[in-house]
Amino acid sequence: MSLTVERTDPTPTGPRDPGLSHRLAERGVDRTLLLLVPAVLFVALLFVYPFGYGLQLSFAPAEGGPLASYATFFSDPYQYNTIWITLGLALPAALLNVLASVPIAYKMRGRFRGKRLLTIVLVVPITLGTVLTAQGLLNFLGPAGWFNKAVVGLGLADAPVQLVNNYWGVFFSLVITGFPFAFLLILSYLSGIDPTLEQAAATLGADWKQRFRRITLPLLAPGLATTFCLAFVLAFSVFPSAVLVGNPAGETRVLALAAYQAAYEQYDYSLASAIAMVMGAVELLVIAVVLVWRSRLYAGSTGGKG
Amino acid sequence: MSSAEAASPGRFTELRLDGVGRRFAGKDALVDLDLTIRAGEFIALLGPSGCGKSTALNCLAGLLPLTTGSIWQDERRIDTLPAEKRGFGMVFQSYALFPHMSVRRNIAFGLQMRRLPRAEVRRRTEEGVRLVQLEEHADKLPGQLSGGQQQRVAIARAVVLEPSLVLMDEPLSNLDAKLRLEMRTEIRRLHQSLGLTTVYVTHDQEEALSLADRLVVLRHGRVQQVGTPEELHARPVNWHVADFMGFRNLLELEVAHVSGGGVDAEAAVRGEGLTLLGTATGPVSAGDRVVAAVRPEDVVVVDEAGGDNRIAATVEVVEYQGRELAVEVRTAAGRALHLRTERRLAPGDEVTLTVERERLLVYPLAPGEQAPAPLVDAVTT
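Sequence lines, in order, name chains X and P. Position one of the first sequence corresponds to residue 1 (full-length UniProt numbering), numbered consecutively onward. Position one of the second sequence corresponds to residue 1 (full-length UniProt numbering), numbered consecutively onward.
Pulled out of the complex, with its shape left as it was, chain P reads as follows (with noise of 0.2 angstroms):
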C-alpha cells in the first residue's frame, strides 16, 4: 500500500480524548478518560474484565454514545458523528465476518461502501487478501475457516480502508495459545509496515507489553496508568497495577524506618516475621502501612543463610515450566511466596530467599483502602 493512498481524508496528528465517560443504568462503566493518541501510535487499553475498556473503544468506534466529555479529532470534534461517517476500522472480539459473504467480498464491503471505482475495489481488495496471505481461500465463506484464518480476514477487512485509526478488541482471546503468538506477531508487524493508528483492548498484559508503544492500565472504570511497556513493567503506579503487571507477590507490611526522602528511597518495611529493604515508590514514613510487591522471577534462592533481605522458607509446590520451575514456598510465618528458579527444586526442601532492593516496591497504602487479599493459605484448602 503505498504512501500516496495514506494521505486519505480523516488522517489526524492527534486525537483526543476529553473526559470521556460513559455510564449504563446508573453504573460508571467509564470515568473521565483523558488521552492524546498521536498518529502512528500503538495504544493498549489494559485491565481486568469489566474495567471499561470495552466500553472506551466502543465510544471511540461510535458504537456507544458517550455520556460526558468530547472526542475531538485534531480540530474536529467526531464524538457525535455516527460510526459510518468516523472512518475508523474495527476488529471484534467474534470478529463479526459477515457469513453469507466470501473472504475476498468480506473484505471488498468497506471499499464498496466507499463507493470507489469498481477497477479499485478489486485491486485493493486483492491486496488486502495478499496482505493476510488467504489467496487459496478468497473464495471461501468464513463458516469454512479457521479461527486464525477468520482473524485474518477480519483485520484484512479492517485495514483495507487504510483507516486513520484501527480498533481492536481482544482480536486474539478467541484462539489457542500457539495461534496467539503466530497472530500477535502478524499484528505487530502489519502496525509496523502499514503505520496505522491503532487502539488495541486487551486483558493480557503480556500481549500488551509486546504490542504496544503505549499503555493504558484501567480498572472500575478509571485510568490508573498511562506509560510505555517499559515504563509500566519497572514502575506500576500502585500495587493494583502491579498486582495486573505480574508483580503475584503482594505483602502487606509496616515501615520501620525511612532513609533518604521522596521517592526512590530506601524504606525497611517488617511484619509477619519479615524485616525487608524496598524502594519506596512514593512518600512514606515510618508506621504507615504499605503494600511490598515482588515478582516472582526477581525473588532469588541463595545459598548463604546470611545477609540483607534474607527469607525463609519451605518449598510447597512445584510446577515444571521447561527451563524454569514456578514455585510456592511458605514462611515460617506462613505466607505463601511465589518464585521462578532454575534449581530444581522438591517439595519439602528449605530454601532461603532474597529480593534485591531495587526489585523490591513499596506501596503506600491510603488510609481505609483495602490491602490485597491474602494468597491463598494452603493450610485452610
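For reference, chain X alone in the conformation it holds in the complex (with noise of 0.2 angstroms):
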C-alpha cells in the first residue's frame, strides 16, 4: 500500500510546488467538506442537544436517585408494557409494508403504459397525513361506515366488525402511510438491480421463482434490511393514530403516549425524557439486530470477500 502511494507523490523537482488544495487531496482532504460545517453544527445544534439535555433530565429526578425515573417506569406493567404494546404494532406492520412492496415493485420495475399514474396511486397516502388517514378510516372502517355497511347487508357478519378505536385501527393506519416509504425505497432498489442479470440467469434454466430467489432476492436483501429499519422507525413513533384510530388507554397506549402523558398530564418531566431514552434504546436495539442479520448475510453470499 505505501508503495504506491510514494508511486503517486507529485515530484518534488516539479516547476512549482503545488498548491495546498492539491497536497491535502493527496491526503484525502477535500476542503470542499468545509461547506459542510454549517450543517453539522445546525444536526449539532437540533438533535444532539436537545438529546443530551433529554439524557441528563432523565437521570435527573424530582426525588428518588438518578435511575428513579428509569426503575419507575420499569416496575409498573402499566408503564413497561409500552414496549411489548409499540413493538407488537411497528414489527409487524413494518414487516407487512416490506414484504407487499416487494412483489408490486418487482413487477413495476419496467417501463409500462401507466406506470406513472400507477406510482402516484401508489405514494399518495404519503401526502395525506395521519390525521386526515385516521378521519378516513373512521369514516370507512367504523361501526357505521361503508365497509361495516357493506359486510352487514351482504350477511357476512350478523354485528358491525370492530375495525377501528383498537389494535387493528392502529395497524391499518400504519400500513396506509408506511407503503409509499417502503414501495418509493423497495423500488429504487430494485431498479438499480441489472435485468441483465435475470436474463442470463434465464439462459442458464433458470424459472422465475429460481431467479428471484437466487439472484434477485440476495441483491436485494441489504436494500430490504435498510427499508425495513426505515419503516420500522417511522412505524415505532406512532402517536396521533394511535390515539385518534387505537385505543389510547389500553390496547394501543404507545411509548409515545406514555411519554407525552407523563411530561403533559403528570409533568414528570425526567419520566418522560426516561421513556424516550427507552424508546430510542428499543429503536436501536431492533436496527442493529438487523443490521447484524444483514451484515452477516452479505458475508455469506459474497463468498469470504475481505
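Calculated directly from the structure, the hints in this document are not laboratory data. There's no promise every hint is true.
Here are the simulated EDC-like cross-link-like pairs (lysine to aspartate or glutamate), alpha carbons at most 20 angstroms apart as the crow flies [claimed, not checked]:
| id | chain 1 | residue 1 | chain 2 | residue 2 |
| --- | --- | --- | --- | --- |
| 1 | P | K85 | X | E265 |
| 2 | X | K209 | P | D74 |
| 3 | P | K85 | P | D74 |
| 4 | X | K107 | X | D194 |
From the structure, some residues in chain P lie toward chain X, with a derived Cβ separation under 10 angstroms [what the hints assert, rightly or not]:
| id | residue |
| --- | --- |
| 5 | P82 |
| 6 | A83 |
| 7 | R86 |
| 8 | A96 |
| 9 | L97 |
| 10 | F109 |
| 11 | R157 |
| 12 | L194 |
| 13 | L365 |
| 14 | P367 |
Remember, it's a predicted structure, so these values are computed and weren't measured experimentally. By construction, the Cβ of each residue, glycine as well, lies at the ideal position given by its N, Cα and C atoms.
Put the two chains together into one complex, using the hints given.
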C-alpha cells in the first residue's frame, strides 16, 4: 500500500510547488467538505443538544436517585408494557409494508403504459398525513362506515366488525402511511439491479422462482434490511393514530403516548425523558439486530470477501 | 469435455429461423429473417448499430417474443418456449455476471439449475474454470476481476452446459484493443475445440470475418447478404454492404459503356473528371447511375502516368500506420479518395493512382435510391 502512495506523490523537482488544495487532496482531504460545517452545526444544535438535555433530565428525577425515573417505568407493568404494545404494532406493520412492496415493485420495474399514474396512486397516502388517514379510516371502517354496512348488508356478519378504536385501526393506519415509503425505497433498490442478470439466469435454465430466489433476492436483501429499519422507525414513533383510531387507554397505549402523558399530564419531565430514552434504546436495538443480520447475509453470499 | 457429453438432449442438426420479425412500438426492428444454422457452425450477425442484430439474437435466446415468424429446432418449434427451456448459452455484452457469487459459483449456476448430481456439478465447474484459465481466481467475486477475466467467466458460464447453441452479443466491445485480439483468438480456439454451434453479434467486420464460418449482414432490420467471409470480402452484394465491408471509396458515377453481358461484365464508368474500368456486379447499361466501390488497399500508387484506370491526385492527409501509410488524396475534380501504401508520401505530393478492373466493383443504383454521401470535403471543413 505504501508503495503505491509513494509512486503517486508529485515529483519534488516539479516546476513549482503544488497548491495547498492539491497537497490536501493527496492526503485525502477535500477542502470543499468544509462547506458542510454549517449543516453539521445545525444538526448538532437541533439533535445532539436536545438529546443530551433529555438524557441528563432522565437521570435527574424530582425525587430519588439518578435511576429513579427508569425504576418507576420498569416497575409498573402499565408503563413497561407499552414497549411490547409498540413493538407489537411497529414490527408487523413494518414487515408487512416491506413484504407487500416487494412483489408490487418487482412487477413495476420495467417501463409500461400507466406506470406514472400507478406510482402516484400508490404514493399519494404519503401526502395525506395521519389525521386525514384516521378520519378516512373512521368513516370507512367504523361501526357505521361503508365497510361494515356492506359486510352486514351482505350478511357476512351479524354485527359490525370492530376495526377501529383498537389495535387494527392503528395497524391499518401504519400500513397506509408506511407503505408508500417502503414501496418507493424498494422500487429504487430493485431498479438498481441490472435486468440482464435475470436474463442471464434465464438462459442458464432458471425459472422465475429460481431467478428471484438466487439472483434478485440476494441482491435486494441489503436494501430490504435498510427499508425495514426505516419503515420500523417510522411506525415505532406512532402517536396521533394511536389516539385517533386506537384505544389509547389500553391496547394501543404506545411508548410515545406514555411519554406524552408523563410530560403533559403528570408534569414529570424526568420520567418522560426516561421513556423517550427507552424508546430510542429499543429502536436502536431492533436496528442493530437487523444490521447484524444484514452484514451476516453479505459475508455469506460474497464467499469470504475480505 | 468428452464427446459423450456432447450428445445431451437439445442437440439439433439444423436450427431454422422462418420469417422472424420483431416490431417495437410500431417500428420494425427486424423484418423477415430467414436463416438456417447447421450444427457446429459459427455464424456472425453483422451490421451497424440499430440494424436489428441484437434483436435477432434476443429473439433466438427467448428474451424477446417474436412479432412474426417461427423458430424451428429440427422438427420442434421453439419460439414459444421461454428462455430457460431452450437450453442455449448466452454471453452478454455487459457480461451479466452475478455480482454476489464467486467465479466458481457463477460457472456452476447453470449446472445447478439442471439439477445435476453434486459431484458432476463440481467436476464440470472445475473443467470450466480450467478451460478459461481462471484457476487462481475461482474464489474471487466478479468485481475483483479485470474486464478480460470477467469476459472469460461469462464465456465459461455459457459453454460449461455444453449448450446446443451459444449466443454472443458483442462480447468483445467493452475490451481494449489488445485484449480484444486475444479474446478473439480465444473464442475461435474454444469453438474449434468444443465444436459448439455459435451465433455471434458484432458491428466489427474484421471480428466477424476472422471468427465466422458464415456472415449475415443486416441493415435496417433486413438481411442484405449471407455468405462466407471470402464471399463477403470479395463480392459484397450492394454498395451498403460494400461500405460496411471496408470499401471506403464509394463514387457515384455514370456508365459510359458495357462490354460483355450480365454479371462480371466490364463496365466503363465516368464522372467527376474520371473514366474508369470496373466490374459490374449486376445488370447495368450505358447511362445508368452507379456506385463504384474500391478498398483503400486496392488503390495503387504508380510511377508512369500513361495507361488505363489512371487517376491524378494530390496528397492531403497522411497517417502513419507502421509498415503502411493511410493516405487521403484529392482528385483534380475535388473528390477525396483513401488509399494505403508503403511509399513514403507527404502532403502536397502529386501522385498517379490506378485500380485493377477486378477490384473496382460497379453497383447499379435503383431509380430514386440515394447515393452514398460524398466523403467529407476538406475545403468546407
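Cross-check of the supplied hints:
With a C-alpha separation of about 68 angstroms, the suggested pairing of K85 of chain P with E265 of chain X is violated against the 20 angstroms cut-off. As the CA atoms of K209 of chain X and D74 of chain P are separated by approximately 30 angstroms, the hinted pair breaks the 20 angstroms bound. With a C-alpha separation of about 16 angstroms, the suggested pairing of K85 of chain P with D74 of chain P holds against the 20 angstroms cut-off. For the proposed pair K107 of chain X and D194 of chain X, the alpha carbon gap of about 15 angstroms is at most 20 angstroms, so the pair holds.
With a cut of 10 angstroms, the hint placing P82 of chain P at the interface with chain X holds, because the nearest CB-to-CB distance is about 7 angstroms. Satisfaction of the interface hint for A83 of chain P is found here, the shortest Cβ-Cβ separation to chain X being roughly 4 angstroms, below the 10 angstroms cut-off. Using the Cβ-Cβ criterion of 10 angstroms, the hint placing R86 of chain P at the interface with chain X is satisfied: the shortest such distance is roughly 8 angstroms. With its C-beta approaching chain X no nearer than about 4 angstroms, A96 of chain P sits inside the 10 angstroms limit, and its interface hint holds.
Interface restraint check for L97 of chain P: the shortest CB-CB distance to chain X comes to about 8 angstroms, inside 10 angstroms, so the restraint holds. Checking F109 of chain P against chain X by beta carbon gives a least distance of about 5 angstroms; that is within 10 angstroms, so the hint holds. Among the interface hints, the one on R157 of chain P holds; its C-beta lies about 7 angstroms from the nearest C-beta in chain X, closer than the 10 angstroms criterion. For L194 of chain P, the interface hint is violated, since its Cβ never comes within 10 angstroms of a Cβ in chain X; the closest pair sits about 17 angstroms apart.
Taken as an interface hint, L365 of chain P does not check out: its beta carbon lies about 41 angstroms from the nearest beta carbon of chain X, beyond 10 angstroms. The interface hint given for P367 of chain P is violated, since its Cβ lies 42 angstroms from the closest Cβ of chain X, which is over the 10 angstroms cut-off.
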